[in-house]
Structure formats: structure tokens, C-alpha cells
Amino acid sequence: MAQRAIREYDGKAIFSKHWEKYFSGFHYGFKSVLVTNGDELRACAQKHGFEWLKQEALVAKPDMLFGKRGKNDLVLFKTTKPGDVTLEEAAKWIDEKIAHETTLLSGQHGTLTHFIVEPFTPHSQDQEYYISATTVGEDDVLYLSAEGGMEVEEGWEEKVNEVTIPITMDDANIAHLIRANVPAGIPAENKERFIAFAEQFYKFYRDLNFAYLEINPIVMIGNDMHILDLVARLDDTAGFMMGESWCGAEFPTAFGMEDQSPEEKAIAEADSKSGASLKLTILNPMGRIWTMVAGGGASVVYADTIADLSGNVADLANYGEYSGGPTTGETKFYADTVLDLMTRHKDPKGRDKILIIGGAIANFTDVAKTFTGIIQSFETYADRMKEHNTRIYVRRGGPNYEKGLKDIKDAADRLGLYIEVYGPETHVTDIVRMALEK
Amino acid sequence: MGALFTKDTQAIFWNNNASAIQRMLDYDYVINRAKPSVAAIVAPTSGNKFEKFFYGPDEIMVPVFRNTTEAAAAFPNADVLLNFGSFRTAYDVTMEAITLKGQFKTVMVTAEGIPERLARKMNQAARDAGVVVIGPATVGGIAPGGFKIANVGGTIENIINSKLHRAGSCGLVTRSGGLFNELSNIISINADGIAEGVAIGGDRFVGSVFIDNLLRMESNPEVKYMVLLGEVGGTEEYKVIEAVKAGKIKKPIIAWCIGTIAKHFSSGVQFGHAGASANADAETAASKNEAMAAAGIYVPASFNDLPHTIAEVYGKLRAEGTIGEIVEPELRSVPKVRRKKEFICTISDDRGDEATYAGYPISSVATPETGFGIGDVISLLWFKKRYPKWATDYLETVIKTVADHGPAVSGAHNAKVTARAGKDVISSLVTGLLTIGPRFGGAIDDAARYFKYANDRGMSPAEFIDYMKKEGKTISGIGHRIKSVRNPDLRVSGLKKYAAEHFPATPLLDFALEVEKLTTSKKDNLILNVDGTIGILMVDMWRALGYSEDEIDGFIEAGALNAFFVVGRSIGFIGHILDEKRLGMPMYRHPTDDILYNVELADEI
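Protein chains in written order, with this note's numbering: chain A, 1 to 438; chain B, 1001 to 1605.
To be clear, the hints were calculated from the coordinates, so they are not data collected in a lab.
Each hint should be verified, as a subset may be incorrect.
Unchecked claim - Here are the simulated SDA-like cross-link-like pairs (lysine to any residue), alpha carbons at most 25 Å apart as the crow flies:
{"#": "1", "chain 1": "B", "residue 1": "Lys1105", "chain 2": "A", "residue 2": "Thr168"}
{"#": "2", "chain 1": "B", "residue 1": "Lys1121", "chain 2": "A", "residue 2": "Lys346"}
{"#": "3", "chain 1": "B", "residue 1": "Lys1101", "chain 2": "A", "residue 2": "Thr168"}
{"#": "4", "chain 1": "A", "residue 1": "Lys346", "chain 2": "B", "residue 2": "Asn1151"}
{"#": "5", "chain 1": "A", "residue 1": "Lys438", "chain 2": "B", "residue 2": "Ser1302"}
{"#": "6", "chain 1": "A", "residue 1": "Lys191", "chain 2": "A", "residue 2": "Phe240"}
{"#": "7", "chain 1": "A", "residue 1": "Lys279", "chain 2": "B", "residue 2": "Arg1088"}
{"#": "8", "chain 1": "B", "residue 1": "Lys1121", "chain 2": "A", "residue 2": "Asp430"}
{"#": "9", "chain 1": "A", "residue 1": "Lys203", "chain 2": "B", "residue 2": "Met1095"}
{"#": "10", "chain 1": "B", "residue 1": "Lys1340", "chain 2": "B", "residue 2": "Lys1121"}
{"#": "11", "chain 1": "A", "residue 1": "Lys403", "chain 2": "B", "residue 2": "Ala1280"}
{"#": "12", "chain 1": "A", "residue 1": "Lys438", "chain 2": "B", "residue 2": "Leu1331"}
{"#": "13", "chain 1": "B", "residue 1": "Lys1263", "chain 2": "A", "residue 2": "Asp430"}
{"#": "14", "chain 1": "B", "residue 1": "Lys1473", "chain 2": "B", "residue 2": "Val1492"}
{"#": "15", "chain 1": "A", "residue 1": "Lys71", "chain 2": "B", "residue 2": "Ala1280"}
{"#": "16", "chain 1": "A", "residue 1": "Lys346", "chain 2": "B", "residue 2": "Glu1157"}
{"#": "17", "chain 1": "B", "residue 1": "Lys1121", "chain 2": "A", "residue 2": "Glu189"}
{"#": "18", "chain 1": "B", "residue 1": "Lys1263", "chain 2": "A", "residue 2": "Thr168"}
{"#": "19", "chain 1": "B", "residue 1": "Lys1121", "chain 2": "A", "residue 2": "Lys71"}
{"#": "20", "chain 1": "B", "residue 1": "Lys1121", "chain 2": "A", "residue 2": "Asn284"}
{"#": "21", "chain 1": "A", "residue 1": "Lys279", "chain 2": "B", "residue 2": "Met1095"}
{"#": "22", "chain 1": "B", "residue 1": "Lys1121", "chain 2": "A", "residue 2": "Thr253"}
{"#": "23", "chain 1": "B", "residue 1": "Lys1263", "chain 2": "A", "residue 2": "Asn284"}
{"#": "24", "chain 1": "A", "residue 1": "Lys203", "chain 2": "B", "residue 2": "Arg1088"}
{"#": "25", "chain 1": "B", "residue 1": "Lys1340", "chain 2": "A", "residue 2": "Leu177"}
{"#": "26", "chain 1": "B", "residue 1": "Lys1121", "chain 2": "A", "residue 2": "Asn400"}
{"#": "27", "chain 1": "B", "residue 1": "Lys1121", "chain 2": "A", "residue 2": "Gln3"}
{"#": "28", "chain 1": "B", "residue 1": "Lys1400", "chain 2": "B", "residue 2": "Lys1263"}
{"#": "29", "chain 1": "A", "residue 1": "Lys279", "chain 2": "B", "residue 2": "Asn1151"}
To be verified - Facing chain A, a subset of chain B residues (Cβ under 10 Å, in silico):
{"#": "30", "residue": "Asn1016"}
{"#": "31", "residue": "Arg1120"}
{"#": "32", "residue": "Asp1128"}
{"#": "33", "residue": "Val1132"}
{"#": "34", "residue": "Thr1155"}
{"#": "35", "residue": "Asn1161"}
{"#": "36", "residue": "Ser1176"}
{"#": "37", "residue": "Phe1180"}
{"#": "38", "residue": "Asp1349"}
{"#": "39", "residue": "Arg1351"}
{"#": "40", "residue": "Glu1354"}
Quick caveat, the model's predicted, so the values are computed rather than measured.
Beta carbons: idealized from backbone N, C-alpha and C, even for Gly.
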């Protein structure tokens, strides 16, 4: 992963932290809190510096990486008329939302857990602007519009000016380019201000290593800037350079994505502690074909081939890889996890289970060594594998592969497991065909 | 354009990745390369001057440098940089390499997860400078039979099985490094192997993309057709389609995009690399495969059918006569068991019929008619070079000049006392030699070191004197107990006269004489003395012989100047020892009336 979404609240916190450095001449209040339920919000209001929660009209909305919250009717800004939401009303609304599952217009569904609460900002439509920046191809592109709000996507071509900024362009030319592309619709009295802000916004986006940054709308009242809605993605590979600059922003899972299973979490944890790469995604726990593939590219072609040849993608139970020279212990743990998952449910149609132990020709991983961990796992799960009529297909090449293949074949034969083994003379994914044709 | 690498290509390897370098050298040996493919290693934190590697059954030394600039200066023909820096340093390493104009044609970057903005800057800077970047996040590439990057191809056994030891006729471009090996294997089984292959890397922003590599392969006559293994995500394959449609690529292309599975899952599952995520319909593997097929590119029905397509295209080109028969080359094999050598010798060799000094048989330097003097022997054994006559004459002059300075100096005195105690020549000589150090004989070293330091940094004579005063040091090489401006040291006069007549130039001596003018204006006996003159002229000699300032500093640090004093003065010491033996002098005991006794009763604590 490289580009990862952060919460609106964290994005605003990053703005606030660097505001003085980047946005001289403008003011930003950063009155926002992030809460997970009504009581937390009420508790916040008791804290010093958060008196505004009791004093001002509020806006509350989920802060869970999805957009179009207005269209989904998930922005609380009025009870009877705009700008009359009190602390108590916001707290109750939040508790109400977390009590049920929510389905978005897009079909994503899940339980809301995080909300951002801020003061209501009275303003007129003509004070709303749109600004965003991202990378397109090799260039940065800055998008500017005199019209902000939910409707900007409709009529994008006419409303939005795109400013393409090559990666090596210097600040003087960037300033010149932005000035030359300021949207015509910006009123004369705000033009200079908007140009200055757009330039500062771009440098902020660039220097803080955002991959995507959008404020829609940004409300400009004199020199007061109100960030009403914000979407941000960070380039997480830059994390080592950014340190505190990112205010400890976390990278939450997208809303509606099922949370990871305990097994996926355990593999992810093992991965984070290892110099090797261990990845596991469960696609269908009831699936018939389970894979244990070495290498990122190979794992993709095995998944492709299983989907192509089985005719039913639901047969594919998991996706993942182990690579980069895992230790015997790590490989055993990975194999234990997969074999345990594979032998939990009988195939609904009563078919055999298929275990694909695949991989391309390794550059430097010792094949026999990694197979040792898998063989140890066979010892534990042999009975359960037999109960599920498991057929094992192995294909691998690379350092010491002959010994690896012989060892795994001998072990399976000794344990009474069905196994076929192949080396580099067999096409990498051909074992999928063999397994499905039998 | 044309081939990316040849059999003469040499690389500088950034980071001492010993196993990857050894794999390259094993490959070089097996394919009979004339020169190893790794010219030098850059290891910023290493204190070593070289690393040993096996080359076939023997060991060779690969020089180690602290930075790329120095390595490049030493190996101007090494035009590939293998950047094995981590994701934290890889950017800076590439940028340094790009600034060395005219040095590198190719920079391979292995690190995965370089910050995207840095990767984009790096890639653009390389393009602007005309440098091909392979990667980031790649295992590299190979020109079979010519040059192999690091771990590409895996073990030697697999390399030979996959026909990566000699050029075939396919140009291979993949994103994935793991599948690169696999594709090489597939192509060797179904065709005649590859002529050139590159894994462009898995990160979102990579330097050279599919089209760059395919256009180069189009212009490389060794490549008869290409295999492209793309991936879901991005639009790079469309650039290839455009080039085919525009007739810029005429050679047949076989292509497949992996990641067709992604269409079955709406979002959230990342299949493959960071760069592999479809943001639009056109970026899906299926769309790209369709579009490529429509443009006349050979696209199999599935990845599993790729071997058949390769066999079919190869068979056609073979039948047409586009591809001929390959003559399998003779290979050397790397011994299974190799032993590292404990000692290294680079100056002499006693294994042949006759022992040699730096390649010169002893008989060719020993007798008078050879024209070799002791200065020549020293230049061969100490510096592994044949110095010109003016320089060897200078070395001999130095030895003759320092051979003795009477019985009273501390070294000679010690030697004499030891000899009188009844010890043998060696023990007595060693006692004298052990006296040589900072106060006795060390002025030669220090004079060379400090005068050179000042001269290297452009100090004026006055600044140099100030500097030494601030450091609280007397200036080595300046001052004499007896001799003065009006009563010059004739040894010094002789050395200066020789240098003026025979040295091409004497910049450091000229500087020292300016310093002397200032010091003697303060005190008459603060002249440039014989130690100073010898050390300073030695630096001038090395400069005139073409050594770099770093090399000369290395000589001084290693104690080479002291060594001249040791050799010369040993002659004198031995003379004093033999003199004692000849005279049969008794045991020496120092008279007590020449010692100030000042002993108090020790305090109790």
C-alpha cells in the first residue's frame, strides 16, 4: 500500500499544526472533536478549550472515509432550521446512529463508529469555494473552482480549472501558473486572497506528502478560512520522513469493509514482526480451493487462473503470499492458519478440497527450508485434511527445490495424504488445471 | 539505444550486498566474461579498502569506496549503478549518481516503498539527464551472456536451466521480479531464451516503463520478438498499444496482464503490487488484454496458455528464418567447494620458476647491468610501480642522507648500549629502531603531513604559522640546533639542488621555503631542516608521479616516510653495533654523578 486515506479530523489536525507556517495571512480555528458515542461528546464539552461545544450551534457527521454524507442524509446541521443543533441533540443523534447498521446509497453497509463534531458556520453559497490536489500520471494537478459544495461534481468540466504542475517545477513558476489559471468566477475582491491560498494549499499538500487533498467546500469569510469538509490520503511510504508532522494520523479500514478475521489479523501481525512477507486475505471461508503461494506476482496468477478455470470465483477461498525467505517457524504458522481454515467447513456440494502449494522459481529462497514448515503443519492437520478429502498440488522451483519436492512428497505419502509435486519443467499455474480436471 | 548491457558493461554496486555481488561474479565466470561485472563497491560506513570475492576457484579483490563520486572517478567506464540503498537512502544515492555527468547510463534501484514524491523527482531528474532508471522495487534485468544484475535469475543452476547464460531472441519486460524468473524459464522451454530482459519494478512510480524498454528492444537487432507481462492498474500498456498502432514497434509482441481476478472483487483486496490497483475500467487486466489483442498484439486466452502462444510465435519466426540456430557456448563451472584465503599478497610472488618483485623476476633487477638500483627495488616492493630514474635517484639520495648522524643521537646511543651489554646485532639494531618515533626521526612524517595539510587548504605561509601556533605545535621540519641562515646545512642544500635540477615541479617545497622566510626573519636558526626537506620533497615527488592527494595522504598515514628513515638509519645503527663489537667495549653503566637523585619517602595512604 502506498496511498492511504485518513479521517477528516486527522486531516484538519494536520492543517492546524502547520497553519502558521504555510497559511500566513489567513486564520483557521480548528474547532473539531472526534468521538465514538454521545457520552464521549458530552465529556469533551467539559474540557477546557472545548466550551464552544456548549456555546455554539453544532454540526455532526460520520468520519469514516466515505463521501457524499450529505446525500446520504448523514450530516446533522439542523433540527428545525439550519444552525440550531445543540450539544445534547448531537450526542443523541450519534447514539442513535451507532445503534443500527447503516446502508449507504452506494450499497456499502456497516455500523458507524466515528463522528466529527464542529461548530455550525453560517455562510452564503457565494462564500463557498472548491480546492483539491492530487497526482495524475507523473504530475501534480491542482483543481480550483469558484463553486464549492456537494454539486461540484456535476458540471465539473465547466466549473473547475485544472492546473497541472510538473514535479520539478520551481516555486516562482508554480505561483505564476496558479495565477494564470485562477477560476473566472472568483469575485474580484477575493481574487488575490484565493490565489494566495491556492498557492499555500499546494505547497502544504506537496511538503506534507499528501497523495490526495480536497476541501469542499472551503468557506472564505474575509481572511477566516473554514474547512467544512475535507478528504485526504497520505503517501504512507513518506511516513519515516514526516514523523510528528502527521499528528499520529491513523489509517482506518474503509467503511463497510468487513473487519479482518482473527486469522488475517494474526498473519498481519506476524508479517509486521518479520523480515519476510506474509499476507492473507480470506475471500470465501466456504471456498473449496485454498492456496499457499510464494511470491506476490505468483499469488496473482494463481488467483487469476483459479477464477478462470474453475468457472466460479467463489471456489477460491483465500488470497495471499509468503515470500522473502520466511523462517521455518513462520512458514509453519502460515500453513497452520491456512490448513485450519480449510478444514473447518465441508464443501457444500461434497467435493474434494484442493490445496495449491504454488510458486514461481525463487531467486534466493531455500525451497526445502520453507517446505519444512509446511511439512510440520501437515503432521498436525493430516487427519482433518483427510476428512475433507484434500488433494494437494505442489509446484515450485529455485534453490534446493528438488529436495523440497521430495521431502514434501515423502511426508504426504507417509501421512496418507493425496499429493502431486512438480518442478520448473511444469508451467507455473498448470497444477490448477490438473487439480480441477481430476 | 540498442542493447542495454553488453559483455563489457561494468557496474558500481552501492551497498556491500555480498551474496548478490558473488552471484554476479559467479555468473561472469561461468559465461567467460573478460572482466568482472562489478568494478567497485560503495559502502559509506565501511572502513575497508576492498572486499574479497570468489571469481571461479580463485579470489579477487573488489575496491570499496565511501561514496559514488569517488568510485566513479576511479572507474570512469563503469556506466551502471546498482543502487541497493534502502527506501530511506535510495533517492539520495540516485540523485548523486545523476549529477555525475557522463558517468552512468543506467541506475537500477531495488528499494521498495521510496516516498512517491521522491520517486517521481528521481525518475524525472533521470529522464532529464538521459539516465535510464530500472525500478524502484525491482530485481533488475539481464542481458544473457553479457551482464546480469544482482539476484536476477536466482541460482547458477537455474540460470543455465533457464538459458540465461547466453543470448536468445526474446525481449522480456515484466513488472514483477518473481515472475521474471518464471517467464525466463517459460521462454527457455517454449523458445530459445531471452536476449534482454528487464523487470521494471512494482512501485507506483517507476523510472523506465514498458514502452521505454520495448522501444529500446525494437532497436536492438538481437531481439526478434518481445514478451510483456503487465498487471492490473495503470495505463502503461496503452502506450505500447499506441506505439504498435503507430508502427513504432514492428516486432511481434506477446503480452498478458495479470490480475484478471480483481474484477470479481469490488474493492479492498489489493491483488499484487502497490502500482496494481484499477482506478478505472480501462485499467483492469481484462480491458488491457482486450485492447492489446485488438491492436494485433499476441494475447493468450489466459496466463496458463501463455507458453503455447510463445511457442507458436517463436515457431513462426523460426520457420520464416527470422530466428536462426543458436550455437551453445562453452561454459566454465564454478567449483562447489571454495576456500577463502587468509592472507593476501599483492607485491611479490614466489610460485613460478623465479620469485618476482611486482612482476619483475629478481634476476632482472639484481645485477648492475639491469640498470636497477635499490631505489627501483623499493619502488617495486613498496609502491608496486616502476618509478622514473629521477625519482629512484631521489629515494636513494634520501637513504644515503639519513644513514647516520653520529653516535650521540638517542637511537644510535641505545644501539651502542645494547651492543655493549653483549647482545647480538638484531637485538641491538631493534633497540635502536624502537627509538624512532615522534621525537626521533618523526619530523619527516610530521613535516610532510602539516605542510601538505596547509598547502591543500590554500593557507598562506603566515596563516600556516598562525594555525600551528593555535594548535600549540612547533612546526616540524623547521629549526636546527646549530645550523642557521648564515651557516646552512649542506645536506639540505644538496637535496634542494637535486630537486631543482630533476623534479618536474616542487610546489610544496616552494611553499615551505616561503614559510622559512618568515620563520628565519624571527630567529636565524628557524630554517627548513633536513627532515622537513626530505618529507616535503617526497610529497612533491609523489605529486609529480601522478598520485592523488588522497593516495599521498594514505602513504603518509601508513608510515611510508618513516620507513625511509628506518631503512637508511639501520645502515648507521648496524655500523655502530659492529663498531662496538670490533672495539670489544665492556658493559656500560651510567655514572651516578650524572643523575639527579630526588627520592622522598612514599606517603602511606
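Okay, which hints does this one fail, numbers in order?
2, 4, 6, 8, 10, 11, 12, 16, 17, 18, 19, 20, 21, 22, 25, 26, 28, 30, 33, 38, 39 and 40
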